[in-house]
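Participant: Here is how the chains run, residue by residue.
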Amino acid sequence: DVKVTQSSRYLVKRTGEKVFLECVQDMDHENMFWYRQDPGLGLRLIYFSYDVKMKEKGDIPEGYSVSREKKERFSLILESASTNQTSMYLCASSFGGATYEQYFGPGTRLTVT
Amino acid sequence: GENVEQHPSTLSVQEGDSAVIKCTYSDSASNYFPWYKQELGKRPQLIIDIRSNVGEKKDQRIAVTLNKTAKHFSLHITETQPEDSAVYFCAASGWGNNRLAFGKGNQVVVIP
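The listed protein sequences correspond, in order, to chains A and B. Following the working numbering, the residues of the first sequence are numbered contiguously, the last one being 122. Following the working numbering, the residues of the second sequence are numbered contiguously, the last one being 627.
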């Protein structure tokens, strides 16, 4: 079974803090993704990575950065958290190419106060 | 880039009836159309997908149809059951080869 895990299920941070969300997959997938899920807005892609140290911006990259130093791990960084970044964050991974199934992690509910 | 729209946003059906969710896409070059299901409090999971060389695909009570000319594809759920209550996301592979464009999701509520 493919397993995608995220470092926290719930996280509460203060405005201005630097926040790290980590995602680990155990299936040797090339692609990894970070999405943000808000009611009525669906799944919005923040960043994705198709190889180690490679990254591409998604639809809403502002205020976020990512890091992929190892194939199995993809980190999302909020450089200076703001209240409008309060959301559910979902990580996903897949083999290379968009036509492969994406496997999602359980999500991290981030609250910025 | 690719833009995927889903209608209706919320669909309520009586248990045992059929449910149909329709999605439209903008990029005529898209060739892969998956559907993901997200139950309350759980992660999205792929339930069925279709490629542009096929017009219809079935898997037990669910089916997906594709109309490339009109650029729309639909999810059909027959004999709905309470466990079909969920948010359903359609998606399409548009520009590039590594990402999907997701729709905003449809809430399906099956009334017992």
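Honestly, the hints are just simulated from the structure, not real lab data. Here the structure is a predicted model, which means the values were calculated and not measured. Check the hints yourself; a few may be wrong.
Dumping the calculated DMTMM-like pairs for lysine to aspartate or glutamate here, alpha-carbon to alpha-carbon at most 20 Å [to be verified]: (1) A:27 <-> A:37; (2) B:619 <-> B:542; (3) B:557 <-> B:598; (4) A:80 <-> A:31; (5) A:79 <-> A:26; (6) B:619 <-> B:530; (7) B:552 <-> A:47; (8) B:573 <-> A:31; (9) B:552 <-> B:571; (10) B:557 <-> A:39; (11) A:64 <-> A:47; (12) B:619 <-> A:47; (13) B:619 <-> A:60; (14) B:552 <-> A:110; (15) B:557 <-> A:78; (16) A:62 <-> A:26; (17) B:583 <-> B:598; (18) A:79 <-> A:65; (19) A:80 <-> A:60; (20) A:27 <-> A:110; (21) A:12 <-> B:554; (22) B:552 <-> A:60; (23) A:79 <-> A:47; (24) B:586 <-> B:520; (25) A:66 <-> B:530; (26) A:27 <-> A:88; (27) A:12 <-> A:39; (28) B:572 <-> A:110; (29) B:619 <-> A:31; (30) B:557 <-> A:10; (31) B:557 <-> A:110; (32) B:537 <-> B:564; (33) B:552 <-> B:564; (34) B:552 <-> B:574.
Participant: Compare the structure with each hint and give your call.
Facilitator: Do the hints match the structure? See the list:
no.	hint	result
1	A:27 <-> A:37	violated, 29 Å
2	B:619 <-> B:542	holds, 17 Å
3	B:557 <-> B:598	holds, 13 Å
4	A:80 <-> A:31	holds, 13 Å
5	A:79 <-> A:26	violated, 25 Å
6	B:619 <-> B:530	violated, 24 Å
7	B:552 <-> A:47	holds, 16 Å
8	B:573 <-> A:31	violated, 36 Å
9	B:552 <-> B:571	holds, 19 Å
10	B:557 <-> A:39	violated, 24 Å
11	A:64 <-> A:47	violated, 23 Å
12	B:619 <-> A:47	holds, 10 Å
13	B:619 <-> A:60	violated, 27 Å
14	B:552 <-> A:110	holds, 13 Å
15	B:557 <-> A:78	violated, 28 Å
16	A:62 <-> A:26	violated, 25 Å
17	B:583 <-> B:598	violated, 31 Å
18	A:79 <-> A:65	holds, 16 Å
19	A:80 <-> A:60	holds, 7 Å
20	A:27 <-> A:110	violated, 32 Å
21	A:12 <-> B:554	holds, 18 Å
22	B:552 <-> A:60	violated, 27 Å
23	A:79 <-> A:47	violated, 29 Å
24	B:586 <-> B:520	holds, 11 Å
25	A:66 <-> B:530	violated, 42 Å
26	A:27 <-> A:88	holds, 5 Å
27	A:12 <-> A:39	holds, 14 Å
28	B:572 <-> A:110	holds, 16 Å
29	B:619 <-> A:31	violated, 25 Å
30	B:557 <-> A:10	holds, 17 Å
31	B:557 <-> A:110	holds, 17 Å
32	B:537 <-> B:564	holds, 14 Å
33	B:552 <-> B:564	holds, 12 Å
34	B:552 <-> B:574	holds, 14 Å
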